[in-house]
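Keeping the supplied structure of chain A fixed, place chain B upon it in accordance with the hints.
Top to bottom, those sequences are chains A and B. Per the numbering used here, residue 13 is the first one in the first sequence, and the count goes up by one each step. Per the numbering used here, residue 13 is the first one in the second sequence, and the count goes up by one each step.
Just so you know, the hints here were simulated from the structure itself, not pulled from any lab data. None of the hints are false.
If we take Cβ atoms under 7 Å as the criterion, some of the chain B residues that face chain A in the derived model are: (1) Gln179; (2) Ile181; (3) Asn182; (4) Ala214; (5) Val215; (6) Pro225; (7) Gly228; (8) Cys229; (9) Ala232; (10) Ala233; (11) Gly236; (12) Gln239.
Within a straight-line C-alpha distance of at most 27 Å, the following computed DSS-like cross-link-like pairs (lysine-lysine) qualify: (13) B:Lys154 with A:Lys154; (14) B:Lys73 with B:Lys259; (15) B:Lys266 with B:Lys316; (16) A:Lys116 with A:Lys259; (17) A:Lys240 with B:Lys240; (18) B:Lys72 with B:Lys259; (19) B:Lys153 with A:Lys154; (20) B:Lys322 with B:Lys266; (21) B:Lys266 with B:Lys73; (22) A:Lys154 with A:Lys240; (23) B:Lys154 with A:Lys153; (24) B:Lys240 with B:Lys124; (25) A:Lys73 with A:Lys266; (26) B:Lys153 with A:Lys153; (27) B:Lys72 with B:Lys316.
Even for Gly, the Cβ is constructed at its ideal location relative to N, Cα and C.
Okay, here's what each chain looks like letter by letter:
2 protein chains.
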Amino acid sequence: MNVENCKATRPSQPLSPQNVRDLFASVDAFLFDCDGVIWKGNTLIDGVPQTLEMLRSKGKKLVFVTNNSTKSRRQYAEKFHSLGIPVCEDEIFSSSFAAAMYLKLIDFPRDKKVYVIGEEGLLEELERAGYTGLGGPDDGKKMVQLKPNSLFEHDMSVGAVVVGLDQYINYYKLHMVITCRYGTLCIRENPGCLFIATNQDAVGHMTDLQEWPGAGCMVAAICGSTQKEPIVVGKPSTFMMDFLLQKFQIDTSKMCMVGDRLDTDILFGQNAGCTTLLVLSGVTNLSTLQDPSNNIQPDYHTNKVSDILKLLE
Amino acid sequence: MNVENCKATRPSQPLSPQNVRDLFASVDAFLFDCDGVIWKGNTLIDGVPQTLEMLRSKGKKLVFVTNNSTKSRRQYAEKFHSLGIPVCEDEIFSSSFAAAMYLKLIDFPRDKKVYVIGEEGLLEELERAGYTGLGGPDDGKKMVQLKPNSLFEHDMSVGAVVVGLDQYINYYKLHMVITCRYGTLCIRENPGCLFIATNQDAVGHMTDLQEWPGAGCMVAAICGSTQKEPIVVGKPSTFMMDFLLQKFQIDTSKMCMVGDRLDTDILFGQNAGCTTLLVLSGVTNLSTLQDPSNNIQPDYHTNKVSDILKLLE
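If we strip away everything but chain A, and leave its shape as in the complex, we get (with noise of 0.2 Å):
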């Protein structure tokens, strides 16, 4: 017999006077996300210092858990420093870190190369986990020509392919990643080359002004070639919760996810058994998340990270 949750989801709650002090009493850490919630672009979001400073005070883990792979943890700290806000590496989880702890997990070889499609801070976090990346911005200007009885090059040891943000993407590249008859380095049609994808988003906001292509523009159009999907470390797979949590070991029943979108922060969230927070802030408005065709719902949902603060008071 197939047996079907029929459970209609609760739809989500405003943040209320009332409601904050249970969320504030049953939690133990909070996780948030970064763009859209902590900043745009390198613009503080209103109060969120204040914020933050105050849960610290009153005891709660904070924990930054990004999609975005163009920085490595320790540029994120740099990023938080340089916005008077003081978090440790230790406290951030980007979907970089993440790329280099899966190739680390599943004991993928050192002397295997590792091609990327994605910035500096990608290729940072697999150095420090001991890997070697090839492409990433060194890429970004190299153009192939499709000649008659050209053949392109490729490096026989690459062994994984990890797609992320990058916007010095390319023809070159995007080569590079699926095809190629000679070399190992062949999604398309070399089974045994992986293809990890750190994150999925559709859009972000790297600049306070306008949305921008994601990673999920550069991995849809890997897998439109190789009709092949990746394996996802970012949100909103679990996969960073595993090692969250060893680090800081609190029951994923005592933590609430903070973010601004749907099928990333709070899936994440939903599917790690957090509780969560929609934030307004970001790439989604109440009308989305109201609207009769979304059906991930937050437990609650407010406009900013600072209304915490305010409604706490």
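Chain B in isolation, oriented as in the chain A frame:
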């Protein structure tokens, strides 16, 4: 009551000295795909000129239907001539031409512009149809920097985006077509902006030695960020068939579509009611054709176009 079509698909028959005569007798026009059928890169596939010459001499119409949008009809005619095959522009139906014809058909206003992810041939067809194309190779070297407070300027008069194979694809172009909060050039935020794909081929044989990322790669990148589906004017859409019928006035049951790709060529032929012949000189091999997971069966298959000539002798 839900009535499903349960007719089992008849497995493809290898072309033989017997059935090739039936095929030849029943068909007034042969429709040929080009890449992987007529040529690979700039190299003709063995026996093609003699076969085409024989078909013409027996009064068969020859038509060339290609999803490769990098060339215009004029440029394809030139390529045929340079390879020693007399083909005129009217016999060529390329997806670059189809994209321009689509805009004409819907009376797309001539004072609006068309942003192009694609190459020279696509721009040329748009221009010949009276439209102004932007982007293309000209934007291939442009870069976009994700700086805080940076705002991307868009041409406000763009009303359609056409996406085809583009070896100069970059983040600048992806951003141009995906998102702009302030302009009309915006598939993502402006429902009025048309999103047209020349085709969705995953890979192509742009050179004779390797497979290369196809237009499907670029189209998927846009879909991945916009989460919208394009209007596809190339095969397997039968959009081009209407123009072909206007020109040749032959019933589709009297046509045979010859191609190397199941999900474009053969499906196109079947959708239009043609007889279909798969040649194994391109992207599809016999084991793919006969794999139980493949549900697209042509009427016939053979190694290459010149088998028609050989088997008729």
